[in-house]
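> Starting from the known structure of chain A, arrange chain B on it as the hints suggest.
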Amino acid sequence: MSHGPCDACEELLQGYLDRELTDAEVAEAESHLGSCDYCRRRYRFEASLRQYVQTTAAERMPAGLMEKLTQLRSAGA
Amino acid sequence: MGEAEPETEGPRIAAEARDRVRFEEEALALADQVYRVARRLVSTREEAEDLVQDTYGRAFRSWRSYTPGTNLRAWLLRILTNLNLDRGRKVQRSPDMQPIEEGDYYLANKMAEAQGEQALDQERVVEKLSQDSIVNALSSLPHDFRDTVVLVDIGEFSYADAAQILDIPIGTVMSRLHRGRRLLKQRLAEEAVS
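Chains as they are written, first to last, in our numbering: chain A, 937 to 1013; chain B, 948 to 1141.
Next comes chain A alone, as it looks inside the complex (with noise of 0.2 Å):
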């Protein structure tokens, strides 16, 4: 059973994530996590990361700030 450092597949998977990978590039990487749990537990991981920091470093423009950009505004609210 396939166990233990993918190394070759983590640049692979890291573009899977981002969705910037060519067809056959996909079909490759969704048969390598069909076929390795290993690899398949830490894309999981992974997806789930990306996820985590996109919502948990996201902060709403403070109060305020959208009256002072509107203010900039030459043409005139």
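I should point out that these hints are in silico values taken from the structure, not numbers from a laboratory.
Careful, some of the hints might be misleading.
[Stated by the list, open to error] Rough simulated footprint, nothing fancy, chain B against chain A, three-plus residues with beta-carbon under 8 Å:
| # | region |
| --- | --- |
| 1 | 946-956 |
| 2 | 959-969 |
| 3 | 994-1004 |
Here a beta-carbon is modelled for each residue, glycine too, at the ideal position from N, C-alpha and C.
Frame of chain A; chain B shown alone:
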């Protein structure tokens, strides 16, 4: 003489005013998304607010150089990252250490070691990382890496858009992203399993 005919000049001015108002409205509608990226490129909320204000000031002045129909959010972020580069970026410390690079799965492996391989299947395993640790880890990245990671992971820009915004080749976006994320996970791992 070169004076324009009033009957042709009037409609032209009116059309331009309409285009300008439309541009400003579209740009303002993106302010929250622009701020989100700005906030993670600088250390404090005040700096982010200043940066966004400077960006909109410049955007409103040079609105004619925007090509309607192209990606306005990327256009605004291009102004923002250039302004950020101009202002005080050299003053900020730029880490000169050559970190030992771990693999992409470094954090996953560390968490699997600490909590067992099965723990990785749980969706909530990443929530063991605190919001502060993520924000701190992001801000500790060397600038070039951080800009790329923030644009792609927080701003959700494609590699191609990030390349255009930062004025670097796509291959450089990919390598900075790759190294930046590895570093991020290395820093998170230090905290998560310590």
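> Hints first: check each against the structure and report whether it holds.
Taking the hints in turn, this is what the structure says about them:
For the region 946-956 of chain A, the stated coverage by chain B holds: 6 residues have a C-beta nearer than 8 Å to a C-beta of that chain, and at least 3 were required. As drawn, the region 959-969 of chain A meets chain B at 0 residues by the rule of a beta-carbon pair under 8 Å; below three, the given contact is violated. Only residues whose beta carbon comes within less than 8 Å of a beta carbon in chain B count, and the region 994-1004 of chain A has 8; three or more means the coverage holds.
Of the numbered hints stated above, the single one contradicted by the structure is hint 2.
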